[in-house]
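One gets this note's numbering by counting positions in the first sequence from 1 and adding 939 to each.
Think of the hints as simulated: they come from the structure by calculation, not from any bench.
Built from N, CA and C at the ideal position, the CB exists for glycine as well.
You can take every hint at face value.
Listed below are the simulated DSBU-like cross-link pairs for lysine-lysine, each with C-alpha atoms no more than 35 Å apart in a straight line:
#	residue 1	residue 2
1	1452	1324
2	1452	1294
3	1283	1263
4	1149	1165
5	1149	1040
6	1452	1346
Quick list of the computed label-pair ranges, beta carbon to beta carbon:
#	residue 1	residue 2	range
7	1375	1347	12 to 22 Å
8	1429	1376	50 to 60 Å
9	1172	968	31 to 41 Å
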Amino acid sequence: MRESAARYRLPVSKEARAWFPGLHTRPTEWAAPFPAEQLVYMVQDIEIPYAIAQHQRPRIKEQKLARVVHLENEAVPALAAMEMRGVCIDVERWRSILARKQARQQALEPGLRETLGTALQRACDDYQVALTREEKRLVEAYRANPAQSSWGLFRRKGLAQWQATHKKPPQPKERGTINLASPPQLLAALRALGVPVSATDEETLEPYAKEHAAVASLLQWKELHKFASSFGENLLAMVDTDGRLRTDYAQIGAASGRIICSKPNLQQIPAEEEEEGQEEPVRHCFVAPPGYRILKADLSNIELRILAEVSRDQTMLRLFAEGKDLHAETAKLMFHLSPETDTKRHLYKGVPGRKIAKTINFGLAYGMGANGLANRAGVDLPTAKSLIRTYFETYRGIARWLPLTAKQALEQGYAVTLAGRRRTFASIPTSVDWNREVRASAERSAKNHPIRGTNADILKRALALLHASLPSGAHLILAVHDEIVVECPEECVEEAAGVMRAAMVQACRDFLKVVHIPEPEVLIGTYWCKE
DNA sequence: TAGTAGCGCGCC
DNA sequence: AAACGGCGCGCTACTA
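From just these sequences and the hints, can you work out the full model?
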């Protein structure tokens, strides 16, 4: 508030605020009427926002932001209610999942410490052992003749950075041991084992898992460790004394206008168990209190529907209208397959057609290039390039819309969603060469904003509708990008489910005028589940 | 000792 | 030639 007030030269003083914390521990003051100073402060808290709003109103109109401002204002009570209500957690079930995972994690540790610990020790004694044969040769060549060496191979990261990653690893606390959570230590140890990697993330290590048992084991360990550290006791400690977990929502936290949440971030709770069958997903610990049910609805394929809407791509609009599996139909169109083809089975260069189509459909929303497609779909670069070409021949409307949108956004300085939500961009002169990367990034964001941001528009509209229309006793619990979770007394589950279906469709209809909107399926259970 | 940068990884 | 967006957070290692 202070910043906004300053913009309109409205005086604000926050000093009086310091008086409030701990007031309940000061019985005399607690019982007495508010001092004049505090009253002034409290009045200010009402008056200043009003004055700010008065200043902003004409500007909002002028910039055609009235609709999105209204949308945001309508969503405020829903967000506030979710923050206050929180979500009920089955702590016991959570602890038992955690215990099993930790047991598995600990079982892996002796072997890993032995193998990687001794490897790290060798690397510490002589860190040259952590260089691959090829790198040793290159470094030698570079030292001998910097001008002539295959400098190009270092170019990607730059020699300085390349060397930095090969500096002496930090010594573990005890000789012969290793901190498995330390990327630098891991890097040195792995390289000493002959695994020529330059990072220790899952994607980098995965190809070596077959060859090196230690790598396979390490990958499992990392996964279990991640779970324990991010979704273990630390998170459980945030459960309030009433057994409910509460988060902080930031209503316009993301540049796209999406809601973000933190402390804890409930939008990153693992949805599924990677190894099927064995363990229960932790979302199952987000439960309905006794006498209640959890209801979940999501906006299926919403980003692609938005894309079809804004681009008016006739083909994609038709596929949605037909209500078929969009990824499969995309594959059929791209590869000229007959309608009855099983696109999960039909291979193109060794990769299922549906997977390729899905990867492009999905990746499109954030400006994926040929390289990204090659990585994700598992094809080579030329193939990826030709696949993207084919995709855009299939969806001409999208092929036109994407670059046009980027161009317009950068010209006028902002991209816009269907509710009129803006994302601004600094102007980037074409003439300057060094900002090509900046420009490319801005273009991706500009293409992305109408899709992401409209998704946020729709979600917020749905939240507002639901907050106003859910049966009494039913409460909004969670909002995760395209998914809304409600907790509801058993007696009115059917009514609430109906309200949810109607609200989701209405929210879509408020913004999407052309594309087909299916009525969402509402899942009803005793816990938060995925499907 | 406290703050911060970088890596890595969870979600969509 | 190449480069996948955008968010929060835990951890380590470095810096002040």
